[in-house]
Amino acid sequence: MEFKISKEIFLKALQRIQGIVEKRNTMPILSNALLEVGNEQLFVTATDLEVGMKSSYPTQVIREGKITVSAKKLYEIVKEMPDEEIHFSTKENDWVEIVCGKARFNIVGLSSDEFPYFPKVKEENFILFKNEILAEMIEKTSYAICYDETKYNLNGIFIKGIDEGEETLLRMVATDGHRLSVSEKRIEGKVGPELAKGVIFPKKGIFELKKMTEEEAGEIMLGFMDNSAVIKKGNTVVVMRLIDGEFPDYTKVIPAQNNCNVLIGRDKFLHSLKRMAILSSEKFKGIKIDLNPQLVIISSSNPELGEAREEIEAQYEGNGISARFNAKYLIDVLSVMEEREVELKLKDELSPVIMKAAAEDDFMAVIMPMRL
Amino acid sequence: MQLIFDFPVVSRYSFENFVVCGGNRTAYHFATRLASEDGTENLLYIYGPEGCGKTHLLTAICDRIGANYFSFRDAKELYAADVATEGSMSLAERVGDATALVLDDLHLLPDRQDFRVELWELFNRFYTAGKKIVMAGLMHPKELPHLDGHLTSRLLWGLVAGMDVSDDESRRMILKKLAEDRHMLLSDEVVDQMLLRVRRDIPSLLYALEGINRLAIATKRKITLKLAKEALDQ
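Listed in order, the protein sequences are those of chains Z and W. UniProt numbering applies: residue 1 is where the first sequence begins, and numbers increase by one. UniProt numbering applies: residue 1 is where the second sequence begins, and numbers increase by one.
Hints are computed from structural coordinates only; laboratory data are not their basis. Predicted model only: the values in this text are computed from it and were never measured. There's no promise every hint is true.
To be verified - Covered by chain W, according to a simulated footprint, are these stretches of chain Z (three or more residues, beta-carbon under 8 Å):
id : region
1  : 148-162
2  : 170-177
3  : 245-256
Don't be surprised by glycine CBs; every beta carbon is placed ideally from N, CA and C.
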């Protein structure tokens, strides 16, 4: 195979797949990218068998064919090439020659025969999403994803579509067992059986999806086939295997009896928490919140360092309550909220707190407290 | 100490995910025979210690033949409302016109003559109608404390199977199943450690498993041998 392509396009194509290729080197072919040319197009494919990505780019094809090469090395080479056209060609025994200006690289490739099959995507039953909606919902839930692989059903975001007559509600939920985040948005179009039942997108796939929403404007198409989700945007298709597990019944842990409602300014609360967290223990980040009428007191203490205390004005008229929380969990929630006024709903010292924007109902976080 | 969410555990009870091992093979075999459509068997009683899989088999049978499951664990709740009223018919009402009579935890049948009579009548109604009857309890029919003598001998007419999962291999397989219900990945060395340290009965193993799971979630650590040892030490 042989083709010529501009450095800018080739670099973008290779950069896009860097997050996909397998880094643990369990199967050498998975650290390679598959390059195919034909029909004036270059197709770049990468997969780790969980998440796969295939994109097409315009190119000048001289000789059709395909080859796989180390995704990382090829990216590093192209990145350092001069800003000129790159000439890419295969030689005997799967050797690859890359020439740009006066620089010439000969690198060893691997036959494309061993590369995993990338499914053919049929554009049927796709649902369309606006970039911003997906981006916002992922932003507001992904911080709570569980990173422990032994709890595999929590290693992603649970996504469910709820048909409400004329409208459809899309819900995303993530939890690590300590906190839970729920984001909801109205979308257009009808959801299929997979979304109606609910599916768990793996975290790696979620982060790729997030990157896609942040690239150029446009709409994202989502469909399902063979236990995988298919995402298409412009010239890129991502196929990710859904997590084969059942997401816990999160509705059972969202408290319904939290009647102590506090209204507090987001910025003041956020900065105070950041200050108070300085003296909390490195490991647990525990801080104490005392609710008093019209006043919230945040404090922390550390036997090795000392103690800190801050008062914040707030709208609250109930009884005095004290509860301890990991400051990071509260900060994470406040960091993804843009609204100026935050509502906290508490019950008692050992019950979870609900955090949401005072004026909105499309996002909610539930955080378990700490016990002394 | 970080507190954690108490997500409900949803156990899936089907024939497909039943862990078949030496000590429960007969019971499993009988249960599938009874649940099969062309089965000639209509009466089954299975017994064994807590956690050996009786409820699993009974629920699997119910799903297969479309029957309702009732456990005498809920007897109190069932009889509480009308415990003083004459001839409480609530069990019969609850079972109603079901396709089969499936009753679990027969050893918890309350010690009252009216309940015995009610159960006996219910049994006869299903038996004479040629409907399937499946019951389970901790012990052999002869040892059940509050059962009517007639019912005991009737139960012995049908298939009777004991379940015993006290050997290590069975407990190992059951632990893996319990971990799967909780979406936990349990390595062999953790299972070995549990079999070594924890009492032999399944409820104790389940309690230990829950302890390991809680510690792993609370401390955000992987379920390793080290973590399992810490949890078991607590």
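Exercise for review: Between the region 148-162 of chain Z and chain W, see if three or more residues pass the 8 Å beta-carbon test, and mark the coverage as holds or violated.
Suggested key: holds (count 7)
Point to revise | Coverage criterion applied to the region 170-177 of chain Z (partner chain W; beta-carbon cut 8 Å; 3 residues) | key: holds (count 3)
Check your understanding: Are 3 or more residues of the region 245-256 of chain Z near chain W, judged by a Cβ distance of less than 8 Å?
Key -> holds (count 7)
Violated hints are absent here; each numbered hint is respected by the structure.
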